[in-house]
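Residues per chain, in single letters:
There are 2 protein chains.
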Amino acid sequence: MTRINNNYLKLPGSYLFSNIAKKVNEFTAANPDKKIIRLGIGDVTRPLTPTIIRSLHDAVDEMADEKTFKGYAPDLGYSFLREAIARVDYKERGCDIAPDEIFVSDGAKCDSGNIQEIFSVDNKIAVCDPVYPVYVDSNVMAGRAGDYISSEERFSNVIYMPCTEDNGFAPEFPEETPDIIYLCFPNNPTGATVNKDALQKWVDYANKNGSVIIYDAAYEAYISEDDVPHSIYECTGAKTCAIELHSFSKNAGFTGVRLGYTVIPKELERDGVKLHSLWARRHSTKYNGAPYIVQKAGKAVYSPEGQNEIKGLVGYYMKNASYILNGLKEAGFTVSGGVNAPYIWLKTPQNMTSWDFFDHLLTKANVVGTPGSGFGPHGEGYFRLTAFGSYENTVEAVDRIKKL
Amino acid sequence: MTRINNNYLKLPGSYLFSNIAKKVNEFTAANPDKKIIRLGIGDVTRPLTPTIIRSLHDAVDEMADEKTFKGYAPDLGYSFLREAIARVDYKERGCDIAPDEIFVSDGAKCDSGNIQEIFSVDNKIAVCDPVYPVYVDSNVMAGRAGDYISSEERFSNVIYMPCTEDNGFAPEFPEETPDIIYLCFPNNPTGATVNKDALQKWVDYANKNGSVIIYDAAYEAYISEDDVPHSIYECTGAKTCAIELHSFSKNAGFTGVRLGYTVIPKELERDGVKLHSLWARRHSTKYNGAPYIVQKAGKAVYSPEGQNEIKGLVGYYMKNASYILNGLKEAGFTVSGGVNAPYIWLKTPQNMTSWDFFDHLLTKANVVGTPGSGFGPHGEGYFRLTAFGSYENTVEAVDRIKKL
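These protein sequences, in sequence, are chains A and B. Going left to right, the first sequence walks through residues 9 to 412 as my numbering numbers them. Going left to right, the second sequence walks through residues 9 to 412 as my numbering numbers them.
No lab work stands behind these hints, which were simulated from the structure alone. Treat each hint with caution, since some may be false.
To be verified - Listed next, the in silico SDA-like pairs over lysine to any residue satisfying Cα-Cα at most 25 Å (straight line):
{"id": "1", "chain 1": "A", "residue 1": "Lys-282", "chain 2": "B", "residue 2": "Gly-154"}
{"id": "2", "chain 1": "A", "residue 1": "Lys-30", "chain 2": "B", "residue 2": "Lys-282"}
{"id": "3", "chain 1": "A", "residue 1": "Lys-75", "chain 2": "B", "residue 2": "Ala-373"}
{"id": "4", "chain 1": "B", "residue 1": "Lys-327", "chain 2": "A", "residue 2": "Lys-30"}
{"id": "5", "chain 1": "A", "residue 1": "Lys-282", "chain 2": "B", "residue 2": "Lys-18"}
{"id": "6", "chain 1": "B", "residue 1": "Lys-18", "chain 2": "A", "residue 2": "Arg-289"}
{"id": "7", "chain 1": "B", "residue 1": "Lys-75", "chain 2": "A", "residue 2": "Gln-315"}
{"id": "8", "chain 1": "B", "residue 1": "Lys-30", "chain 2": "A", "residue 2": "Asp-108"}
{"id": "9", "chain 1": "B", "residue 1": "Lys-75", "chain 2": "A", "residue 2": "Tyr-324"}
{"id": "10", "chain 1": "A", "residue 1": "Lys-274", "chain 2": "B", "residue 2": "Asn-27"}
{"id": "11", "chain 1": "B", "residue 1": "Lys-410", "chain 2": "B", "residue 2": "His-368"}
{"id": "12", "chain 1": "B", "residue 1": "Lys-75", "chain 2": "A", "residue 2": "Asn-217"}
{"id": "13", "chain 1": "A", "residue 1": "Lys-43", "chain 2": "B", "residue 2": "Lys-355"}
{"id": "14", "chain 1": "B", "residue 1": "Lys-30", "chain 2": "A", "residue 2": "Glu-91"}
{"id": "15", "chain 1": "A", "residue 1": "Lys-75", "chain 2": "B", "residue 2": "Lys-355"}
{"id": "16", "chain 1": "A", "residue 1": "Lys-75", "chain 2": "B", "residue 2": "Lys-327"}
{"id": "17", "chain 1": "B", "residue 1": "Lys-132", "chain 2": "B", "residue 2": "Ser-158"}
{"id": "18", "chain 1": "B", "residue 1": "Lys-31", "chain 2": "A", "residue 2": "Tyr-80"}
{"id": "19", "chain 1": "B", "residue 1": "Lys-18", "chain 2": "A", "residue 2": "Glu-125"}
{"id": "20", "chain 1": "A", "residue 1": "Lys-75", "chain 2": "B", "residue 2": "Asp-51"}
{"id": "21", "chain 1": "B", "residue 1": "Lys-99", "chain 2": "B", "residue 2": "His-368"}
{"id": "22", "chain 1": "B", "residue 1": "Lys-327", "chain 2": "B", "residue 2": "Glu-404"}
{"id": "23", "chain 1": "B", "residue 1": "Lys-274", "chain 2": "A", "residue 2": "Asn-14"}
{"id": "24", "chain 1": "B", "residue 1": "Lys-31", "chain 2": "A", "residue 2": "Asp-108"}
{"id": "25", "chain 1": "B", "residue 1": "Lys-355", "chain 2": "B", "residue 2": "Val-32"}
{"id": "26", "chain 1": "A", "residue 1": "Lys-372", "chain 2": "A", "residue 2": "Pro-40"}
{"id": "27", "chain 1": "B", "residue 1": "Lys-30", "chain 2": "A", "residue 2": "Arg-289"}
{"id": "28", "chain 1": "A", "residue 1": "Lys-247", "chain 2": "B", "residue 2": "Tyr-16"}
{"id": "29", "chain 1": "A", "residue 1": "Lys-42", "chain 2": "B", "residue 2": "Lys-75"}
What the hints assert, rightly or not - Footprint (simulated), chain A over chain B, 3 or more residues, beta carbon under 8 Å:
{"id": "30", "stretch": "51-64"}
{"id": "31", "stretch": "120-132"}
{"id": "32", "stretch": "278-284"}
{"id": "33", "stretch": "320-327"}
Glycine included, each C-beta is placed from N, C-alpha and C at the ideal position.
Chain A on its own, in the form it takes in the complex:
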């Protein structure tokens, strides 16, 4: 008799964004005349840029000709892409990462969900609170998170590192030493970052304790301040303690194109085993590479034209971020983020719960945001708005919120 993985049943309710989609669908079904503005899920809205479109068409044409047709990709990604990543994202920033330390994938969500597999089930994880839900949920499914304590809205075997107004939304070293530490800077959902000195302290802490940091750099393209690191490998010693995750979704608008990569330095060992070998084994056994045409598009991102165009994309969204940040400040909200990240993190007014404010905003302003409590217990009483809408919609949404 087949038994199911009971760990799945420990997850409370369904995935945050599925829940939001359901609520919005119900509202629009009941109110078909209302124009909903979505500043909820972190999904981009600008079209792909000309250089990327050209490279996609070229790659499609290659697939039409037997001389240039491509079947299975190399397990870990095409060299042309891994070399471009190593050069632009690392070498030009003074980080020493080799192309064969880079694993190309179909996106950072898969990688951030799957990376825990290479670790023993008895490791204890630490996460920022609030944070992107995939880190905790994927560990729950693997049986690493313990049981859900519903009165506290937390899992019994997860170390939560509160990121609140009091500490400037930056995590502090927890009382209990974690085995695996998930860090995400610029943070989703708070938009907060840490400077290089602060990140160096985390690297030193991990090296001292033999912990591994899983560093999610999905939003690094949005960093505007000089002392905020774009990669954890800017810190001394990071290659013996850190794995870094990257996405093409937010910088190049690839949410529907699907491309990401993970860096595992060859020096990074635990139990005498290179984590690089374990992840390579996972890739070659359970994954078959990102599509050739998508990897070609990824390469185009690193061309001079591509780099220029994606700066334009990021600039477009950051103009939205400024508009939201300033507009909500004017309206009397307590807000943060929006400077090094496309997310604005606001305190709900009148001590409303996050979901109450969600309903309030949906029904009164027809604006969709994301309840902070969906990102962890310390997200309660907060709310996330994203800068990924069109400028016109963003302006309209902020104006509607101001009038509430």
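Following the hints, complete the assembly by docking chain B onto the known chain A.
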């Protein structure tokens, strides 16, 4: 201190096809003048067909325009694709599968590796022997396979169902009742199939014992005989015991495009929980959908023109299969497969081991095949050749083998 997942260390050597690639690379480096013909890995060589290329270009153009740009796909796949699959692959074959029982993914390799996650670690799996290595390897990584017994080349906690000449390469019910049964027909690597009556017996067996069948139908497009089922859902009662995996790689040439799907009927429950809900949860937590442009190409496969074109592709490869099958028979080899599958399964001559024959063929005929032992202990003494080369190369390879 972080601990690794020790189950990974139980895997002997690296993944079969990575090993082959290494050996071939070494040989070509030492013999740059030799023309290698690859009939090893099951990778297609024909270009994508015109209807698919057109749909890819159209979808790329949609991504260039803000009015038609697509971000994140729906968790479980676009309706346009799921509806086309339900209609052509199921309804037109008399199978009652709804679009929302279909989960679109980036390929059957990922799905066949990941599907075990929704089951408890204490389930016992059964596999055909020989078979596609991902089923066993992914269960080893999850800790479900026990330890590797190197003297027997098998895992202690896996039920191997020998598929040999004696039983016509069709598995028999094992002595011990498995919880999860992996079946792959047409089989990779033997190319063998079972008829509908035989498959019905497996469905009845699973329903009687409460087991779940994971049915890999990756090669169904190659079936040429009438009494061989294309889907397990052609059997009565399969919806309460079977999950089915499909690939676009082998019928439409998508090995480098990446698209597949998994069917989990809503009736399929264990421990009172719908497996459909568990897999939906996995998708929404750890996966972000196949690229829009690839899903559009998938839809084009189901258009009348697309269907016609992929029949041409399959016909091309099956002509190769016939050439290999007949050529090797003439040369005195004992061969099977090649009628309902693009694989030819041959007995190594003079009791050579599979890897010895691999080296023999590589060095003497410069032809790459796949050692049967890489697919399980009962694959020892066998060898797989694929029909996925060009016709010219296939003819040349067979002629070279004949001259050995």
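What's the verdict on B/Lys-75 and A/Gln-315, does the C-alpha distance respect the 25 Å limit or exceed it?
holds (24 Å)
25 Å limit on alpha-carbon distance, applied to hinted pair B/Lys-274 and A/Asn-14
holds (18 Å)
Is the straight-line distance between the alpha-carbon of A/Lys-282 and that of B/Gly-154 25 Å or less?
Holds - the C-alpha atoms of B/Gly-154 and A/Lys-282 are around 23 Å apart, at most 25 Å.
Given the hint that B/Lys-18 pairs with A/Glu-125, does the C-alpha gap stay at or below 25 Å?
Cα-Cα ~15 Å, so holds.
Against the 25 Å threshold, does the CA-CA distance of B/Lys-75 and A/Asn-217 hold or violate the hint?
violated (51 Å)
Straight-line Cα separation of A/Lys-42 and B/Lys-75 no greater than 25 Å?
Holds, at about 20 Å.
Distance restraint between A/Lys-282 and B/Lys-18, which requires alpha-carbon spacing of 25 Å or less
holds (15 Å)
Tell me whether the statement that chain A covers the stretch 320-327 of chain B is true, taking a Cβ distance below 8 Å and needing three residues at minimum.
violated (count 0)
Verify the proposed pairing of A/Lys-43 with B/Lys-355, using a straight-line Cα cut of 25 Å.
violated (67 Å)
Check the hint pairing B/Lys-410 with B/His-368 against an upper bound of 25 Å on the C-alpha distance.
This hinted pair holds, its Cα atoms lying about 13 Å apart.
Would the pair B/Lys-30 and A/Glu-91 pass a check requiring their Cα atoms to be no farther apart than 25 Å?
holds (21 Å)
CA of B/Lys-30 to CA of A/Asp-108, is that 25 Å or under?
Within the cut-off at roughly 16 Å; holds.
In summary, the structure is inconsistent with hints 4, 12, 13, 15, 21, 33 from the numbered list given earlier, while agreeing with the others.
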